[in-house]
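Enquirer: Given next are the chains, with one letter for each unit.
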Amino acid sequence: MNAAGSARLTRKGRATRARIVDVAAKLMYQRGIAGTSIDEVRNRAAVSGSQISHYFHDKRDLTRTVVGARRDDVRQFHSRPDLGALDSLDALQAWADANVADINTVYRKGGCVYGSLAAELVEADAEIHGDLATGYDQWIELFRAGLVEMRRRGDLRPDADPRHLAVSLVTAHQGGALLTYITDSPEPLRAAVNAAVEYVRSFASTPKTRRPKRTN
Amino acid sequence: MAPVAVHDERPLTAKGRATRDRIVKVAAELILRDGLSALNMDALRKAASVSGSQLAHYFTDKGALIRAIVARQIAVVLDFHRQPKLGGLDTFDDFERWIDLNMRYLRRIGYSGTPTYHGLAGQLAKSDNTMRDTLAAGYSQWIELLENAIRRMRDRGVLVAHADPRTLALVIVSAHQGGATLAFTYRAEWPHADAVRFAVNYLRVFATDPADRVPRAPRRPRGRRVKPTAP
Chain A
1 MNAAGSARLT RKGRATRARI VDVAAKLMYQ RGIAGTSIDE VRNRAAVSGS
51 QISHYFHDKR DLTRTVVGAR RDDVRQFHSR PDLGALDSLD ALQAWADANV
101 ADINTVYRKG GCVYGSLAAE LVEADAEIHG DLATGYDQWI ELFRAGLVEM
151 RRRGDLRPDA DPRHLAVSLV TAHQGGALLT YITDSPEPLR AAVNAAVEYV
201 RSFASTPKTR RPKRTN
Chain B
1 MAPVAVHDER PLTAKGRATR DRIVKVAAEL ILRDGLSALN MDALRKAASV
51 SGSQLAHYFT DKGALIRAIV ARQIAVVLDF HRQPKLGGLD TFDDFERWID
101 LNMRYLRRIG YSGTPTYHGL AGQLAKSDNT MRDTLAAGYS QWIELLENAI
151 RRMRDRGVLV AHADPRTLAL VIVSAHQGGA TLAFTYRAEW PHADAVRFAV
201 NYLRVFATDP ADRVPRAPRR PRGRRVKPTA P
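Residue numbers (our numbering), protein chains in the order written: chain A, 1 to 216; chain B, 1 to 231.
To be clear, the hints were calculated from the coordinates, so they are not data collected in a lab.
Take these hints with a grain of salt, some might be off.
[Said to hold, decoys possible] Quick list of in silico lysine to aspartate or glutamate cross-link-like pairs, EDC-like style, CA-CA up to 16 angstroms:
id : chain 1 : residue 1 : chain 2 : residue 2
1  : A       : Lys-109   : B       : Asp-34
2  : A       : Lys-59    : B       : Asp-34
3  : B       : Lys-62    : B       : Asp-79
4  : A       : Lys-109   : B       : Asp-133
Bear in mind that the values here come from a model prediction, so they are computed numbers and not experimental data.
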């Protein structure tokens, strides 16, 4: 939730606002942003029109808040304990596996919770694109930091480019999620995330060139 | 102009085809600008300078029109892949050129105003299930084109025997579409550059010749992130 927007609210107010955002995020995921009306959000969240306009100026404002909420969802997914700090090939493979495990329950139902917003907002204004880019920046950085660490440890060769590999992982995920949703098939996302991890693996140091592991 | 798919299309004269193509092009631009829900036949009629009866003659309803838009857009993608400069798209040199031409195309169309397949997919996918099927059919054609090209590479021994053409085709189309989604979000080319480089380098993992297997370095375009400016 957008902290600035909720700072001055009472606890009850915060709960109401959170409920509105939750309902809006779900509806937008199911039907798209264009297919979600403020009226419907109001009905589903069981709040009055004046309540909704108390918390959000308009649909654009609500959409931006949903982008923020989904950004948090992505961050939360990547802080699952089994993914560690995303700084080993095993952790990256666990990431790919975790995505594949969600294919039927999430991706075939509506694509990526974050990427489907970005894809629909292709012609939105600069401020909304900035919001979305901030989420992608954070996501790319999560991977980049882990990959930098892997290279520092010598798990990856010096010619591995952490930034390039991080962007590869995120774009593979986003395109795979889009195609898996559109084609209603598990194949694209499974192929894409596994390929991205295998791509990282192709930069793994061979045992000979690998520096000895530190024991600590 | 790219040929449109033949479904729900009657035989047309050259002039009829031109009119129909103009309607489809204008409609695609309207959807891009204002969204699908804002597309109404009146606005389209005016923007494309056709009469109501002409419009009704070419498209029985909005659904038929939107199917034609998607068909036109996937034809643009398929034509791009079939252009003579790309050869048969079945050597590593062809795929390196595929990267260059993708980046050149992106620079040419910019990030606004020109319909793209990922843009249509992102905007239309959730409008209804028929739309999703129509978009899926387009992706299937694209995947199949690449699958066939990659199979030829494998059959000629350019790729190792265990290379799976379908999986590789899925990876390439996915990377392309994900790269496009981020590029259009950032209004910058680097995400697409990284994504298509990943796609081709991943194909290289399956090269028979060790020299082909060496990953090519991603080009680092200047200015990673364009700061959003007020509209």
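Enquirer: Check the structure against each numbered hint from earlier and tell me which ones fail, lowest number first.
Expert: 1, 3
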